[in-house]
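K.L.:
Chain by chain, the residues:
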Amino acid sequence: MATYWRKTWPFHMLLLPALLLCIVFQYIPLFGAVIAFQDYQPWLGIKGSPWVGMDHFRYLFTYPDGKQVIWNTLIIAAFKVAMNLLIPIIFALLLNEVRKMYFKRVVQTLVYLPHFLSWVILGGIMLDILSTEGGIVNRVLESFGLDSIFFLGNGHWFRFTVVLSDVWKEFGFSAIIFLATLVGINPALYEAAEIDGATRFQQVKSVSIPLIMPIVIVVATLSLGRILDAGFDQILNLYNPLVYSHGDIIDTFVYREGLNNGQFSFGTAVGLFKSFIGFILIVISYRLAYKLANYRIF
Amino acid sequence: MSHYAKLAKLSALSIAIGILPILSACSNNNNVVPSSSPVSTASSSSSTELWKQKFDPPITITTAIVDDGASRGNAFKPGESMEDNVNLRWMKENIGIDVKFDFIVTKSEDYDTKLRLLLSSGGKLPDAFRAHGEPLQSLLAAKKLMPLDEAIEKYAHPGYKKLIEDYGYAMGEVKKDGKIYGLPSFYMGDEGTVMWIRKDWLDTLGLQPPKTLAELENVLKQFTENDPDKNQKNDTVGLAVPLKEGPWTWMGQTDAIFAALTTQMIHTSDIRSFWNKGDDGKLSYGAIHPDAKLYLQTMKDWMSNGYIDKEAGIKDPSKSSELVASGKAGVMFGPAWMGDWPLSDATKNDPNADFEPYPLPAGPDGLVGRAEKSLIAGFTVFDKDFKNIEAWFSYFNKMFAKQLEQEGDPFFDPRWKDGYYEGYDYVIHNDKIIKGDYEAVGVPADKWPLKDGRSLDMRFMMTNILGGSVTIPYSNDAPVKKFLADPDAEPVTSKEFDVKQMKKKQIDGQGVRINQGITEGKNYFTGPLTPTMKSKGELLKKLATESYLKIIYGDQPMEYFDEFVKQWLDNGGQKITEEVNEWYAENQ
Numbered sequence: 027m028a029t030y031w032r033k034t035w036p037f038h039m040l041l042l043p044a045l046l047l048c049i050v051f052q053y054i055p056l057f058g059a060v061i062a063f064q065d066y067q068p069w070l071g072i073k074g075s076p077w078v079g080m081d082h083f084r085y086l087f088t089y090p091d092g093k094q095v096i097w098n099t100l101i102i103a104a105f106k107v108a109m110n111l112l113i114p115i116i117f118a119l120l121l122n123e124v125r126k127m128y129f130k131r132v133v134q135t136l137v138y139l140p141h142f143l144s145w146v147i148l149g150g151i152m153l154d155i156l157s158t159e160g161g162i163v164n165r166v167l168e169s170f171g172l173d174s175i176f177f178l179g180n181g182h183w184f185r186f187t188v189v190l191s192d193v194w195k196e197f198g199f200s201a202i203i204f205l206a207t208l209v210g211i212n213p214a215l216y217e218a219a220e221i222d223g224a225t226r227f228q229q230v231k232s233v234s235i236p237l238i239m240p241i242v243i244v245v246a247t248l249s250l251g252r253i254l255d256a257g258f259d260q261i262l263n264l265y266n267p268l269v270y271s272h273g274d275i276i277d278t279f280v281y282r283e284g285l286n287n288g289q290f291s292f293g294t295a296v297g298l299f300k301s302f303i304g305f306i307l308i309v310i311s312y313r314l315a316y317k318l319a320n321y322r323i324f
Numbered sequence: 220m221s222h223y224a225k226l227a228k229l230s231a232l233s234i235a236i237g238i239l240p241i242l243s244a245c246s247n248n249n250n251v252v253p254s255s256s257p258v259s260t261a262s263s264s265s266s267t268e269l270w271k272q273k274f275d276p277p278i279t280i281t282t283a284i285v286d287d288g289a290s291r292g293n294a295f296k297p298g299e300s301m302e303d304n305v306n307l308r309w310m311k312e313n314i315g316i317d318v319k320f321d322f323i324v325t326k327s328e329d330y331d332t333k334l335r336l337l338l339s340s341g342g343k344l345p346d347a348f349r350a351h352g353e354p355l356q357s358l359l360a361a362k363k364l365m366p367l368d369e370a371i372e373k374y375a376h377p378g379y380k381k382l383i384e385d386y387g388y389a390m391g392e393v394k395k396d397g398k399i400y401g402l403p404s405f406y407m408g409d410e411g412t413v414m415w416i417r418k419d420w421l422d423t424l425g426l427q428p429p430k431t432l433a434e435l436e437n438v439l440k441q442f443t444e445n446d447p448d449k450n451q452k453n454d455t456v457g458l459a460v461p462l463k464e465g466p467w468t469w470m471g472q473t474d475a476i477f478a479a480l481t482t483q484m485i486h487t488s489d490i491r492s493f494w495n496k497g498d499d500g501k502l503s504y505g506a507i508h509p510d511a512k513l514y515l516q517t518m519k520d521w522m523s524n525g526y527i528d529k530e531a532g533i534k535d536p537s538k539s540s541e542l543v544a545s546g547k548a549g550v551m552f553g554p555a556w557m558g559d560w561p562l563s564d565a566t567k568n569d570p571n572a573d574f575e576p577y578p579l580p581a582g583p584d585g586l587v588g589r590a591e592k593s594l595i596a597g598f599t600v601f602d603k604d605f606k607n608i609e610a611w612f613s614y615f616n617k618m619f620a621k622q623l624e625q626e627g628d629p630f631f632d633p634r635w636k637d638g639y640y641e642g643y644d645y646v647i648h649n650d651k652i653i654k655g656d657y658e659a660v661g662v663p664a665d666k667w668p669l670k671d672g673r674s675l676d677m678r679f680m681m682t683n684i685l686g687g688s689v690t691i692p693y694s695n696d697a698p699v700k701k702f703l704a705d706p707d708a709e710p711v712t713s714k715e716f717d718v719k720q721m722k723k724k725q726i727d728g729q730g731v732r733i734n735q736g737i738t739e740g741k742n743y744f745t746g747p748l749t750p751t752m753k754s755k756g757e758l759l760k761k762l763a764t765e766s767y768l769k770i771i772y773g774d775q776p777m778e779y780f781d782e783f784v785k786q787w788l789d790n791g792g793q794k795i796t797e798e799v800n801e802w803y804a805e806n807q
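As given, the protein sequences belong to chains S and W, one line each in that order.
27 is the number of the first residue of the first sequence in the numbering used here; add one for each residue after it.
220 is the number of the first residue of the second sequence in the numbering used here; add one for each residue after it.
In case anyone wonders, no lab produced these hints; they're calculated from the structure.
No experiment lies behind these values; they were computed from the predicted model shown.
By construction, the Cβ of each residue, glycine as well, lies at the ideal position given by its N, Cα and C atoms.
Among the clues, some could well be false.
To be verified - With a Cα cut of at most 20 Å, we get these calculated EDC-like pairs of lysine to aspartate or glutamate:
no. : chain 1 : residue 1 : chain 2 : residue 2
1   : W       : LYS452    : S       : GLU168
2   : W       : LYS547    : S       : ASP154
3   : W       : LYS769    : S       : ASP91
4   : W       : LYS529    : S       : GLU159
5   : W       : LYS538    : S       : ASP259
6   : W       : LYS452    : S       : ASP173
7   : W       : LYS538    : S       : ASP91
8   : W       : LYS452    : S       : GLU159
To be verified - Reference listing, derived: stretches of chain W covered by chain S, where coverage requires no fewer than 3 residues with Cβ under 8 Å from a Cβ of chain S:
no. : segment
9   : 332-339
10  : 472-481
11  : 533-545
12  : 743-749
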């Protein structure tokens, strides 16, 4: 043991800066979360601000809109988590079957480009293309003899629009990780399957899918932690009073409360609540992944 | 051995590199500027020439400012900046004020964050700076600000004293324990709503400009149904209006409509306005007044008949204005400046598009009105340990006198008679003062303030320690009248130069506003957020805006209004009304 340390201590020293950074910037700020249990006033500081216990958490749940806001968040986020997993996998599997390298690359580049656009810009664009007065989407619907749809002004359609546009924006980017895994599969496996007489479809079913399953589980597990993140900047740029009842989420609610009134403690309390739920979900899904797929991330 | 020494050195180095960001992060926090306020002797030769006041040795005044380099336009010559420009050099040399910026940030959110950090870390505040809203209240509660009553009495320009008296009712945010803690900067007060209508559409359909709400309704109907742009398509609506923030906003607002129906001013997306004064002297919230039903009924009818943009509820003002710019709507309410942006964009689609400003329509009972946009633009506050407020006023009074341009004003600095600095905001060519359009007037290129011939926006370099631009409410009105009477009149005062820079349509719009002579509906609550406003305000805003839209869109019947009022009162509105009236009783 002693010789081990003598030989390796410089390497441990090399680790130290990273460890320090992590402690200073990730762990020490955690103590700031105590303001969730205070009525924090900037000029009094953490030491001087009065303690209020669980008041801020109670406020979130007894607030007349609290339940509605939490429910909206769960619905929108759940659909987003599911679709943002499913669509990229399907897309990756399909793209993987494409033979022409040139076509594959072009498609891949095109579909992940939207990821880099900000919702501030996309919000304005979506208002135009979804407009009931000459927006391209409604023109297409009308040309099929359908009624035009007020996508951003009708609660149910609003949720649909939010989920769909988020999937459209992100699926190309999320697919990268699955594509990379698919490329990494040993070609010998496909060759063996082909010799055994498997069709393309059977190859996908018996080779591709089982081999990307571990990554799918990792991604799914990690994304479950975001079940209370329904996409703040997206909703903020798209929502309006007409769809408050279906589209107002925890983050936009905290934003309005916090920004206008400077309620730091309340904002922190909600953040803590979200992290807490996210943490529980990650632990559960991690255990499930181990049990069902015998897969461990850590 | 040497092998280990090498490794040790290497690891020490890597630690040092790793820690570097931490170290620099720490040193940022120590960036507190020591208060430097040497005892100085002010020398002013005589009381009649107060503008000559100069401080020797120079006094340092620290401040802070938001400077969004990207969108501010041409504020500085190449090589000059917020911290190094002709005005700062001039101030140092001629007034003896050395301006230092404690921090310059690019976004106003960052500015507020900086203030909060200074507050929580106990760092030194800038000597003079702008503050508003929640940070302002925190500063007040923390007792970090200087009471100003004495300084105002002693040093302020008499004209400014009068403004503070006249608009004292709007300064609730900076009043505490009977003292004033902030100096207001004002808006021009020239943003009152006028009615913009496509005159070419009126002519095409043979209509007269509407004088009453009923006539306006007919115009909206004709614009919607009778194809005013003659493109054989049913693709136009009457009114472009943003309703995302409720009835009242900064452009496209509907104050003219509710003011024609009731004396109640209505706003839903801000709990601080409008609080209207009743006959009993008590304040009540406009959006829950029964008269609001008249407004809602009108809007609801117009919406269901298709006279209003169907998507009004999801649009903010800029988005809404795209409808008039693209030639799809013929009427929009809004300030006189709309004559340039966004309405002039309509001519890009249709060269014949001609938006003209018209007086506001009268309601069935002859009511005509509009709501007053708050005249207070912000407050300048001072660190409680600031010793040299006299020097601050010395610069402020100069700027104020320059805006006032009054004969025989002892504060008026004759060195600024023609403008601030030659070669910056004006040039002299053939013995004439030229401000702007240098190329058109024939000024040789080497005399232009900027190489591309455009003018310099002086506000940014003049503001520094003032915390806001110096504006005197309604001081534009006289110059506007002058140019309305004679468009080719020679501008004399700098206000007149400013007005001359406006587009003709904007001056016309201002003329319509001034000539209609409306008493604008005021918001009588100007205090800080009350406790219940803080805890329930957001809920009530959401409730009100949502309910209004649901009624206008027909998702809920008119009867829902009473239900909404009940909910509003039960969810904190009743308590807020009491708090507001308590505040009003103490501060009116």
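K.L.:
Which of the stated hints cannot be reconciled with the structure, identified by number in ascending sequence?
P.N.:
Result: hints 7, 10, 12 break, sorted rising.
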